[in-house]
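Chains as they are written, first to last, in our numbering: chain U, 1 to 665; chain A, 1 to 314.
Quick caveat, the hints were computed from the structure, so don't treat them as lab data. Don't take every hint at face value.
[Unchecked claim] Partial chain U-side listing against chain A, Cβ under 8 Å, derived: (1) Leu290; (2) Ile457; (3) Gly460; (4) Met461.
All C-beta atoms, glycine included, are put in the ideal place defined by N, C-alpha and C.
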Amino acid sequence: MTKVSPGSGLGAPPASGPSAGAAGSLLGSRQRFARRFFAKRAVIPASLIVAAVLVAGIFAPWLAPYDPLDQSLLDTLQGPSREHWLGTDDLGRDVLSRLIFGARIVLIAVAQALTVAVVLGVPIGLFIGYMGGWWDRIVMRVVEAVVSVPGIMVVIVIITVLGTGLTKAMIALGLLFSTAFLRLARGLVIAEREELYVRAARVVGAGTGRIVRKQILPNVAAPLIVQITLTTGAILLAEAGLSFLGLAVQPPDASWGTMLTTASRFINLHPWLALPPGIAIALVVLAVNLLGDAIRDSIGRGIGETAVLRPGAEGAAAVSAIAGHPSPGPQARADVPPDAVLVVSSLHVQFPSPRGVPLTVVSDVSLHVRAGETLGLVGESGCGKSVTAMAVLGLVPEPGAATAEAILLGGDDVSEMSRRDLEHVRGTQAAAVFQDPTTSLNPAFRIGDQLSEILRIKRGMSRSDARKRAVELLDMVGIPDAAARTRSFPHELSGGMAQRVAIARALSCEPKLLIADEPTTALDVTVQAEVLALLRDLQRELGMGMLFITHDLAVVADICDRAAVMYAGEIVEQAEVTELFANPRHPYTEGLLGAVPQTAHRGTALRSIPGVVPQPGEWPTGCRFAPRCPYATAECTAAPIASVTQDTHLFRCVRAAELTLEAAQ
Amino acid sequence: MLKLAAQRLVALVPLLFIVSLLTFSITDLLPGNPAELIVGDDATQEQVDLVHERLGLDQPWPQRYWDWLTDAVQGDLGTSFFNSVEVTDAVLLRLPVTLSLTLAAVVVALIIGIGAGLIAALRPGGWTDRAATAGATVGQALPNFWLALILAVVFAVKIRWFPATGYTPLTESPTEWLRSITLPAIALGTGAAAILARQTRSAMVGVLQTDYVRAARAQGLSSRRVVLKHAMKNAMLPVVTVLAFQITVLLGGAIIVEQVFAVNGLGSLAVTAVRRQDVPLVQGVVIVSVIVVVLTQLVTDLLYGYLNPKARPS
């Protein structure tokens, strides 16, 4: 019954920063708080309930229709009526009047327990937090001991000493909850103490008291208010429980807890009695908790949980065919070679937006990868490369949706597959290696188990065969002492080793296509070269196709046969790598080439493309690169630009014929 | 795992020591002379002195604590002030009742809490999420003893599915035990279920967005396997931390819920002891509950170590 909200105790301190005293910023943050606070739907009804309890408690003698102690043995245990709106209890006392006077008990109980808890907990917490050393250690040991005992036991021990009664019980509750405030204040001080400005103030020679008053207290205030609100709910429940047990409020006084004691005795005869006080307690606790949550969320920054509403992870059957006819696209199918392991034609990916108009992040992307070939997918971050790759696996993150004329993996159309078929194709037809190896391996399982699970499930191997094969796979990707390494957890591996494991996992079902999504970006430079070499060797050995996503043209030159350059959700140029580097036909490609140290002309300054990639939804109507393009003219911005293919070189630029762009050296 | 268990066990000794010290001091904090309390108002001074001596209250404090501690370590928690009942016997008689109620409530909390949290996390912002979150908010606000009353009225008095009061030991009749424990366990476990549901939801929403979940899907593992195995083991980490704390809360809550269903567990023993200021009995109840709490914490620590390889001693 003691919900000393574990999350709210030792969270990060609120960061009001050194300028906490500045009137302007304080006012600003207060307004911001108020705006966020009142924007929450539950706040107004919750405030009304709390206000009602305050009014009922304060004005009880004027509001209550009867004296709460007046007995009338002729009208016992009656249901609601005109005379008694909420009926009468076993002694004929008016339930409504007792409920209203009970609100007064609620106010007294909360005030008493909170006062004890705050007055005791906060100063001691500030003190031991500031002093540290033995003070801190001894007090914290005692606090840990108290917290490890069920809260009601602590209260029972204290009531044994003090005796029963509302005030005594509330002192006991206050003592119990003071531990929460103590830990809160201590945690905040310890965090604050490390702050530079406190150290600075100390050097200047300000007294301890002054530091606490001027610099620590203002920062303690916000989390303290949150803790007070959250504790209030716990106190309400605890008081009701203790009164119910007969340890707090004593009969005949009316409290919601004692009213329930009465109700419990007549529960068979007259269950109605249990409803008014029970609903009253639940409503008030609910209101106080909701206010606490709202305050915590509105103060924000570091305290408690924040509701995450990012797109979910499941992308089951996220790819669907464009209604009916998977006919060849305008420029898609004609040049698709028969040995293609991946064919994407006219892929579009959209996300719903708050404004209702779906946001397009990938538009009309067509590409193919042949067996044994590596296609580089190049572009700045946010251009849609990774989403394109995920669409191939039917894993566009929710709530996004992909549509395509066709996405063929080994001849089968992913966009028409059921979830079960999709799951079958993933791993066996196409598998993926991701950017950050330390996060793409599951931290909770041994790497050998992660590999052999896939082998058992996807390839139907026996346990022992799978274990043997896992060792072979690790050996194949160059992990020394592979047999022993199967017992390792991911956190015990270096980044390079972890990426090798991830590659082994991707290759475990011998896929025809490997999707490598910036597989070297998160690694050290020396390790990058090793991993690239490994990928190249494995590809040659296994004869698989590779879709290699990168923002680094140097890597493209190193490993790819062909490359597709993406900008703002569409492919702007696609060609053999040698052709692309020697004869770029799109100004964006030229810009990228000029920005790469290895390919830029020696003796000239490295160039960067001015401006940034426009966000989805802010793409210009005409050429999407036009606003950043040094060669842009009026015709570029007039209408969407169609792509043109000359031989095997595709580009999307209306001025391609007139421009002579600078090649890589 | 054994190493972790040993480490944790050793760390728990000082905690038990401090708790014993704190509980033992209540005799001395009691206003007036406990001897007077025992013999009653009419007793003569000689009678008071006699009891005073019999309780060893004439001894210095450290001596009395040492005597009590040596006895306690051997399982003797003293004798009640009011009758010659051995505290150890009285507590051990009631403990299985409270423990089985607490455990049943933990099961209720785990099933409802993790289930609801999981369902909510699969579609963040969807109607199941909103319903589960709203349910958890309400569940946290319901007083457990009131919920107990309502459940008793509905399911024991109106529709007679379960007995309204009483407790049947598991050893006597497993089915009757289940019937007698169901309503109290639901009443007790609902609050914890609400907290676990919130925790599970937020942990699961986070885990489902991780790279390793995406990688597992990309490798073609089924959705069910990815969620229930790969994501679950990671999402349960924060949940176990909260669970450890909630078990303590449930053990305390059992004391109140027992009263509603007239189940003779530690609750009624504790309440009577407090009313009479029967210090040895209160001490006994507290010490035994702390031992239970400490043991459950040990179990949850080991569970945490199992779920999180990084927390294991290397």
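Verification of the supplied hints:
no. : hint   : verdict
1   : Leu290 : holds, 7 Å
2   : Ile457 : holds, 6 Å
3   : Gly460 : violated, 13 Å
4   : Met461 : violated, 15 Å
Violation of the numbered hints given earlier is confined to hints 3 and 4; the remaining hints are satisfied by the structure.
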